[in-house]
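Colleague: Here are the chains, one letter per residue:
There are 2 protein chains.
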Amino acid sequence: MENIKVERLLINYKTLDMFKRFKAYGNQELSMQEELQNKFIENNIESPFYGIYYANNLAARMCLYETDKQYDHYFEPPQDYLTLWKLEVLPDYRGRGYGKALVEFAKSFHLPIKTNPLINSQGFWEKMGFQKAHYDMHRDLGENPLIWLPDGVKEKGKEREIQIEN
Amino acid sequence: MENIKVERLLINYKTLDMFKRFKAYGNQELSMQEELQNKFIENNIESPFYGIYYANNLAARMCLYETDKQYDHYFEPPQDYLTLWKLEVLPDYRGRGYGKALVEFAKSFHLPIKTNPLINSQGFWEKMGFQKAHYDMHRDLGENPLIWLPDGVKEKGKEREIQIEN
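These protein sequence lines are chains A and B, in that order. No gaps in the numbering here: position 68 of the first sequence is 68 in the UniProt record's numbering, and each next residue is one more. No gaps in the numbering here: position 101 of the second sequence is 101 in the UniProt record's numbering, and each next residue is one more.
Check the hints yourself; a few may be wrong.
For identical chains, the list gives no copy identity; a pair is met inside one copy or between any two copies.
[Unchecked claim] BS3-like, lysine-lysine: derived pairs with alpha carbons at most 25 Å apart:
id	residue 1	residue 2
1	Lys156	Lys39
2	Lys132	Lys39
3	Lys23	Lys127
4	Lys23	Lys154
5	Lys132	Lys20
6	Lys154	Lys132
7	Lys127	Lys156
8	Lys69	Lys154
These aren't lab readings, by the way, just hints derived from the structure by calculation.
Just need the whole structure built from these sequences, with the hints factored in.
Modeller: See below:
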């Protein structure tokens, strides 16, 4: 079995170039590119990106960002939690457990996790132990949030809802 | 030229059934379905959906939600603004200006608009006068927000950024 190593990505021109192969390349990457150019720094800005390399090629990546509990609208009691986005494995590297390894890495912080995946990836997330968050339009707007709950953490608002309905 | 009429959608079983034809069907629609079933109401819940019918078929739709200026992190000075999502025209009805009609309807409220479109639809939004919001990770996470500014409204944070860089 392949030994899979998840590492925090150093943002430099080489990393940004490898990001171009990923489908979810967007404003975030463009803004990092600009930052690198404006500051004339060659290397190694701290980043929210984690990834898996295979033979010096970035094969998979994700972003993780920790939100303070004072801004938590998902969990009970309010928690510091992680938002996970841009989870993506390049087509040539699928079926090796890279996606799973990244999600397990995220879980290893023992914080609840929120993600807003593409609708057709729901099956993968269920296998990873994620569940649909109760939809709240004011909070979620166009999102379809999924959450992962570590032991002792509940989804917010379930009790409130039951009270209202009885 | 076809007379295009944008109307606020009444949520009932018929509307929810027509929503199933749209690609962005997700938690929001499922939660409306549940609500309808739990409350034994036949008809006409107020909704954030607007759409265009063609011969009794829902051909295009979008969602609009107004956020109070106290929660505005995009505009200067802080404004009430609209979030627009799930803009979608069914394949059989494309090329008739329905997407444009929906966006123009949204603009007719004279509030700034924020949307988070699919990356490959950027061209359409530019034609509609939208521009990329400056990417702010804490606020935007995995989003690629585009904004539309009515007269007299600026994007937030441009000045601050220049100050820091000088």
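Colleague: Hints first: check each against the structure and report whether it holds.
Modeller: Against the structure, the hints:
1. Proximity of Lys156 and Lys39 under a CA criterion of 25 Å is satisfied inter-copy only: 22 Å between copies versus 42 Å inside one chain copy.
2. When the C-alpha separation of Lys132 and Lys39 is checked against a cutoff of 25 Å, the pair qualifies only between copies, where the shortest distance is 22 Å, while the shortest distance within a copy is 41 Å.
3. Taking identical chains as interchangeable, the C-alpha atoms of Lys23 and Lys127 lie at most 25 Å apart whether they share a chain (23 Å) or sit on different chains (23 Å).
4. In this assembly of identical chains, the alpha carbons of Lys23 and Lys154 never lie at most 25 Å apart, being 33 Å within a copy and 31 Å across copies at closest.
5. For the homomeric pair Lys132 and Lys20, the shortest alpha-carbon distance between copies (19 Å) is at most 25 Å, but the shortest distance inside one copy (30 Å) is not.
6. In this homomeric assembly, Lys154 and Lys132 come within 25 Å of each other (Cα to Cα) only inside a single copy, at 13 Å, whereas the closest approach across copies is 36 Å.
7. In the homo-oligomer, the alpha carbons of Lys127 and Lys156 lie at most 25 Å apart inside one protomer (22 Å), although the nearest pairing across protomers, at 41 Å, exceeds that limit.
8. With identical chains, the CA atoms of Lys69 and Lys154 are at most 25 Å apart within one copy only, with a shortest distance of 14 Å there and 31 Å across copies.
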